[in-house]
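Student: The lines below spell out each chain.
There are 2 protein chains.
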Amino acid sequence: MLIVKKFGGTSVGNRDRIFNVAERCIEDYKKGNDVVVVLSAMGKYTDVLIDMAKEINPNPPKREMDMLLTTGEQQSVALMSMAMASLGVPAVALNAFQVAMHTTSAYSTARIKRIDTDRIQTELEQKKIVIITGFQGINKYDDYTTLGRGGSDTTAVAIAAALHADLCEIYTDVDGVYTADPRKVPTARKLDQVTYDEMLELATLGAGVLHNRSVELAKKYGVRMVVRSSLNTSQGTIVREGSKMEKMIVSGVAADTDAARVAVIGLTDEPGVAFKLFNALAKQNINIDMILQSIGRHGKKDISFTCSDEDADLAKQIIEERMEFEDIDIDKHVSKVSIVGAGMQSNAGVAAKMFEALFDANINIRMISTSEIRVTVLINEKNTERAMNAIHDKFNLGSAE
Amino acid sequence: MLIVKKFGGTSVGNRDRIFNVAERCIEDYKKGNDVVVVLSAMGKYTDVLIDMAKEINPNPPKREMDMLLTTGEQQSVALMSMAMASLGVPAVALNAFQVAMHTTSAYSTARIKRIDTDRIQTELEQKKIVIITGFQGINKYDDYTTLGRGGSDTTAVAIAAALHADLCEIYTDVDGVYTADPRKVPTARKLDQVTYDEMLELATLGAGVLHNRSVELAKKYGVRMVVRSSLNTSQGTIVREGSKMEKMIVSGVAADTDAARVAVIGLTDEPGVAFKLFNALAKQNINIDMILQSIGRHGKKDISFTCSDEDADLAKQIIEERMEFEDIDIDKHVSKVSIVGAGMQSNAGVAAKMFEALFDANINIRMISTSEIRVTVLINEKNTERAMNAIHDKFNLGSAE
Chain A
0 MLIVKKFGGT
10 SVGNRDRIFN
20 VAERCIEDYK
30 KGNDVVVVLS
40 AMGKYTDVLI
50 DMAKEINPNP
60 PKREMDMLLT
70 TGEQQSVALM
80 SMAMASLGVP
90 AVALNAFQVA
100 MHTTSAYSTA
110 RIKRIDTDRI
120 QTELEQKKIV
130 IITGFQGINK
140 YDDYTTLGRG
150 GSDTTAVAIA
160 AALHADLCEI
170 YTDVDGVYTA
180 DPRKVPTARK
190 LDQVTYDEML
200 ELATLGAGVL
210 HNRSVELAKK
220 YGVRMVVRSS
230 LNTSQGTIVR
240 EGSKMEKMIV
250 SGVAADTDAA
260 RVAVIGLTDE
270 PGVAFKLFNA
280 LAKQNINIDM
290 ILQSIGRHGK
300 KDISFTCSDE
310 DADLAKQIIE
320 ERMEFEDIDI
330 DKHVSKVSIV
340 GAGMQSNAGV
350 AAKMFEALFD
360 ANINIRMIST
370 SEIRVTVLIN
380 EKNTERAMNA
390 IHDKFNLGSA
400 E
Chain B
0 MLIVKKFGGT
10 SVGNRDRIFN
20 VAERCIEDYK
30 KGNDVVVVLS
40 AMGKYTDVLI
50 DMAKEINPNP
60 PKREMDMLLT
70 TGEQQSVALM
80 SMAMASLGVP
90 AVALNAFQVA
100 MHTTSAYSTA
110 RIKRIDTDRI
120 QTELEQKKIV
130 IITGFQGINK
140 YDDYTTLGRG
150 GSDTTAVAIA
160 AALHADLCEI
170 YTDVDGVYTA
180 DPRKVPTARK
190 LDQVTYDEML
200 ELATLGAGVL
210 HNRSVELAKK
220 YGVRMVVRSS
230 LNTSQGTIVR
240 EGSKMEKMIV
250 SGVAADTDAA
260 RVAVIGLTDE
270 PGVAFKLFNA
280 LAKQNINIDM
290 ILQSIGRHGK
300 KDISFTCSDE
310 DADLAKQIIE
320 ERMEFEDIDI
330 DKHVSKVSIV
340 GAGMQSNAGV
350 AAKMFEALFD
360 ANINIRMIST
370 SEIRVTVLIN
380 EKNTERAMNA
390 IHDKFNLGSA
400 E
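Note that the protein sequences, when read in sequence, are chains A and B. Heads up, the first sequence is in numbering that gives the first Met the number 0, so the first residue is 0 and it goes up one at a time. Heads up, the second sequence is in numbering that gives the first Met the number 0, so the first residue is 0 and it goes up one at a time.
Keep in mind that the hints were calculated from the coordinates and are not lab data. Every residue gets a Cβ at the ideal spot worked out from N, C-alpha and C, and that includes glycine. Take the hints with a grain of salt, since some may be wrong.
Distance ranges between label pairs, derived from CB positions [unchecked claim]: (1) 110(A) with 307(B): 37 to 47 Å; (2) 30(A) with 86(B): 54 to 64 Å; (3) 32(A) with 116(B): 40 to 50 Å; (4) 32(A) with 256(B): 53 to 63 Å; (5) 294(A) with 86(B): 58 to 68 Å; (6) 47(B) with 30(A): 52 to 62 Å; (7) 89(B) with 215(A): 31 to 41 Å.
Just chain A, same shape as in the assembly (with noise of 0.2 Å):
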């Protein structure tokens, strides 16, 4: 079998840590698996070296940020290299030059465009486990560059997709995938498996261990993921892409209390209208979630929509220079909360069975969102972990499968 292990920075934050992965991966070795491992930076070393460049730069060239920052995962992998020698196994570590691990050009948020497989392959024939630098990739000038957040995960799914792998493991400080936060939920249940597009669901929400990228690139060329944690040997939860059968109607309940609505009340109600207020806070990078659109009365009109905390008071200025209406209002008290299930697409009563949960806890709903496997509810912020509950319990989502 083939393996490919991601580990990220705090699981090779010291000599400790370093040795407990190399022990790990050498123990798939010695079972006769081809195992390559991803890793990351060391620890907060990529904050360090931010750090670093700042002092020296307070904007420097993003291109120079990425020749400095690939060092961080350069060290790893070699110290990593120098553990499993230590413990007898025949390693090797490579670069993105190295590997060669092709990138667009854009710096500090590469995307992966091809990864030459030949010294891998070359390497993992002598029997060496081969470690990779994740999060970096070099770009048409032979430059470096690196991916952006989420970057080491995207590596390890890109090499498996590549090596064609039997297995991509992403190491975490958690178990793997909950029905909910357990801190916030004490019933939450690790969920055995979820599919692509629930993973996917979950990360946006924030619930997620894993990032989208890393998830959408698995779900396009058919990797079989595995969250799991690098501190136990729980066997984690598969992410891959389910048969109907298997699926549950809802697999979790996840919040996000990053969330502030901005209600904008007394548009003039014509055609446009919303496509001059969304496209004046796009070209501000200003990230949109829920929108709610009042039904017009004598020619006017309400919307409502969501955004970060971050986002609301600039794109209340923005509204106040651009639009004309009555009225605007920023409530950044408010949070969301979700259900994500694969099998919610074919069972009608799903949401009908959140909104009771809600009611029954006398929890007010400010407005709603769905998708096919998503249903998305705004409330007071203050109700949060109370909504979660109330839901987990609705749905049973506690018992086993």
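With chain A's structure known, arrange chain B on it following the hints.
Tutor: Relative to chain A, chain B alone:
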């Protein structure tokens, strides 16, 4: 003019020093010169990385060690490029892959084979300052190598040779090459120029500001070098091929206190004894310097030689195991004092004048060795500084040329 400028770790050890170097480079750039900068890792960062590695594996694989160490220079060049950008000058940082800097395969002790100049030329044509990682290369396996001691100086000279640069400036913490160590000889004077051969002898004698490898390379390709201070703007010392007319008879006095004398008394006087003795030492990598063999008498002869203090006891042990003799004596309280000068090969009285200076100072000469441009004497270590001053005065080296 195309200038290659090399700065060591101390010169880029912190933010202020990085900016100091950036400004010096920009000064030349603004005069219309093409500027290539070669940097070492910051301060003692290479040692930090070595310690990290040893903590993981006391005997780390050399390939992985080089993979780790090369991150040091990559950080320096990236930060320097950011500093130049903040001063409004376009710059680009390149590592061994990007250059590309081809070396032999030997990890940790690689030698430069070939430097591609395409990328450097392209960047220079775009009027950028090009900042290159010293000390590192890549081998035919596409793996990082490092060049060992004096590596960054060697990188700078090799790049200057490959680009046919007009000048290769080696910045250091001293003003240049002196007639003697100013800490020991108060009247020591900075030399405006020395020949490659003189510099080679001085480097060998430990007086060297430059490592021999870089000087040999400069001599081979006729690269005009300057050794100068990164702390001030004094002119430094030019190292170049000198015509005889310009040569001083003696350029400088150097001393090496890391010397021990081993005397082997009463060896059998038969052919092959010296071979057997020095072959045994060579096999254990003990470097031998001065050798004195007595004229055989009564079927016996004595052989004395010098080695480093550190190797003396091992040398004694090897000789005791392998040779037959009457007595062996080690004296670690000796030092080598040398005069170096390209002019002395055509000036017969130079050695005699040196011996006269020592006689006047009542200093006993224990051994003598000479090369075409050097005379070295072994003396009691406690007389080292007195001998240097006596010789320095005798040759009137403190006066301007």
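Student: Decide, hint by hint, whether the structure agrees.
Tutor: Comparing the hints with the structure gives:
Evaluation of the 37 to 47 Å hint for residue 110(A) and residue 307(B) yields a failure: the beta carbon distance comes to about 56 Å. Between residue 30(A) and residue 86(B) the CB atoms are about 56 Å apart, so this pair conforms to the stated range of 54 to 64 Å. Taken as a hint, the range 40 to 50 Å holds for the pair residue 32(A) and residue 116(B), whose Cβ atoms sit roughly 45 Å apart. The given range of 53 to 63 Å is respected by residue 32(A) and residue 256(B), whose C-beta atoms sit roughly 58 Å from each other.
A C-beta distance of roughly 60 Å is found between residue 294(A) and residue 86(B), which places it inside the suggested range of 58 to 68 Å. At roughly 37 Å, the beta carbons of residue 47(B) and residue 30(A) sit outside the given window of 52 to 62 Å. At roughly 37 Å, the beta carbons of residue 89(B) and residue 215(A) sit within the given window of 31 to 41 Å.
Going down the numbered hints, you'll see the structure goes against 1, 6, while the others check out.
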